[in-house]
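Here the structure of chain B is known, so what remains is to put chain D in place on it, guided by the hints.
Residue numbers (our numbering), protein chains in the order written: chain B, 1 to 361; chain D, 362 to 764.
Since the hints were derived computationally from the structure, they do not count as laboratory data.
Be aware that one or more of the hints could be misleading.
[Unchecked claim] Below 16 Å or equal to it, Euclidean Cα-Cα: the simulated EDC-like pairs (lysine to aspartate or glutamate) are:
#	chain 1	residue 1	chain 2	residue 2
1	B	119	D	733
2	B	355	D	478
3	B	119	D	729
4	B	119	D	479
5	B	355	D	479
6	B	149	B	221
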Amino acid sequence: MRLSFPYMGPTIVYKKLFELLGHDVVMPPKPNKEIIDLGVKHSPEFACFPFKVITGIYLKLMEKDVDTLVTSGGHGPCRAGYYGEVHKKILRDLGYDQVEIIVIDSPRDDYRYFYEIVKKLKGSSSWLQVARTIKIVYELTKALDEVEKQVEVLRAYNENGVINRIWLDAQEEFYQIKSARDIEKTKNKYLTKLNEFKDSIPAEEDRYRIGIIGEIYVVLEQSINNQIEEKVNYFGFEVERSQYLTDWIRENAFPFTGKELEEIEKKGEEFIEIEIGGHARGNIGHAIDFKERGFDGIIHLKPFGCLPELVSQSVIDDLSEKYEIPVLTISIDEQTADANVLTRVEAFLDMIKEKDMREVM
Amino acid sequence: MQNLYLGVDIGSVSINIVAVDEDNRLVFKLYTRNSGSPIDLVKEGLKDFKDEVDLANYEISGVGVTGSGRQLIAYVLGADTVKNEITAHARASTYYYPDAGTIFEIGGQDSKLIIVEDGIAVDFAMNTVCAAGTGSFLDHQAERLGIQIEEFGSLALEAERDVRIAGRCTVFAESDMISKQQYGFTKPEIIKGLSEALVRNYMNNLVRNRVLEGKFIFQGGVAANIGIKSAFEEEIEAEVIVPEHHDVMGAIGIAMLAKRDIKRSGEKTNFRGFDLTEEKFETISFECEDCANNCEVIKVIADGRVIAVTGDRCGKWAASLITAQNPAAADMKESSQKQEAEAEEETNLYKVDPEKEKQVMRELEELELEDEKKEEEKAAEEAEIAQKSEAADSDEKDDNVYV
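Excised from the complex, chain B in its bound form (with noise of 0.2 Å):
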């Protein structure tokens, strides 16, 4: 199969996975202005921002002749889990009618289904195979996680492009990864080199820590959202997310390792009691686990139409004021500014930070 994939965080782990089922892998490309442009262009209006950037992502790799795409689903009411099935109709109806579009939904809905997808995907590769593969991905994607929270917390302190400068190189010689062993080498190469940076942290108290939550493809997805994390840490902040790519691929993929992540999201039964699909209970339960870790805020991203984020967004107020902890929620579609995110984010910051060093003028 000649497949590809929506571009979602370190999208080299999805590539890894697949071209070690041995497929022909495709890789999507990063969404830009002209590829946000055509997705909102072909989507229906109201769709959710994600859609429609996953829509232009599509129709890019069109260009490309590739005959498969593979994407994850949604549980509950969360319009994800449609996703699929209005993107295999507005290919079809732009004349791309060859195409498949393969949905992955958590085993944890239905076995049976999940089963099924893997045993296609995985194509003429033995059982030992896959699970070896799957070790691989999930070993890399843990790798790229461990460098990446370093790397979240460094750039606090230090100038932003030095940091990022490592962590782009670090993303550049994953992508040349071939074995397991290579994956700890490499790892450990970008963490010595982060570790010199270690002495600029300054002391526990003088810390500041922001958490953000929000719907998962806009908090994974820099190039939608507006480099937040970069703006917080260009502040002097740590950030943390909620959403990792390993959580992602737990969740998706490995019924068997999300037990932290579940007894997180029980946290979010005190605002939500129900299932409301998207990660709005999960959510809730990480920014109150933020502020048992101690964070001194929490922003929350909604993509412009998110069902689930709105919902979060309208108990946040009652969360904010119970936890004491100050809340900035930003909406994001394309129409979102920069400047006004960097504002937004700006004056949040200097309150928090207000709060601690007022002194008499």
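Chain D in isolation, oriented as in the chain B frame:
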């Protein structure tokens, strides 16, 4: 020689320049309309400053820039502090009114709400949807009605009847206004209706379900409009205070913040001096295509010399300007063993639940077995059918007379 701190607010509609002294007294104040070339207007403003203030007695010790055009002007001036307008506004009004509880700020193209507790901003909101709740909305309608924006407020107070005008959108407000004129409502009444629409909009978009506490401060360009002020007072049923320098509060705030930053760091100002009024500035922007990030890089050029490069994520272009600035020294190596131990710990974060894993593997195996069985059955069936059909074929052959 006295120290002076410059505050510059580059808004979408107005450009304000103020200078405050050590005691936060206002030494200079300028409010001009932004006609679209902020650099020239700032240069003019600085010329006015030179004419008005005797520079023999004063020295510029710090410069702060705020407003939506802050980045560029900051490079042009050599600012010490560059901050958003929310922080700046909050700083100025909590200085003048330490017991303030709520700050309404309505400017040319945005409106803000700042909630203050004990002199510290604790919450804020900014208009997200459109310009219907801002000064531009009033500007537009005033023009439509053929009156000066300066007269707008006092006219509203002359209204005798109430009229409700739809204020969610500037364009729809206009059509509603025209139809209300046909009903015979007077200009003052229409204006009053518009003021109420603006306040209603503000309440719906920004205040939402927040509980507002006094004192109420109203600032920004629109605060000059007494019609809006009284509409606010009617809405919240409390007195609203408009500060004396309501139109330049952002500039005053940023001047104070610049002073604080200079005092705290103890460094000299980066102000590029009044000679900059003679310099020629231009900006160039281009898309870097060295990687998939496609950063938009902006260069600020003064008299042919590049004074700032910004916008690149990897720092490559910025580094081409600032040389030999390596933030972290290489000799700060921590013992890497300790780090590795930490890395180990982090890996353990992603632990696997062995029980569940076993169960899943078992289920997978079962599924596969089931599948195999099915396939076997299918194969057997197929074989059977094949056998049968073969038999049938041979039967057919026998019966077929045409063979």
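Okay, the hints, checked on the actual structure:
no.: 1; hint: B:119 / D:733; result: holds (13 Å)
no.: 2; hint: B:355 / D:478; result: holds (10 Å)
no.: 3; hint: B:119 / D:729; result: holds (10 Å)
no.: 4; hint: B:119 / D:479; result: violated (63 Å)
no.: 5; hint: B:355 / D:479; result: holds (10 Å)
no.: 6; hint: B:149 / B:221; result: holds (15 Å)
Comparing the model with each earlier hint shows a violation of hint 4 alone; every other hint is respected.
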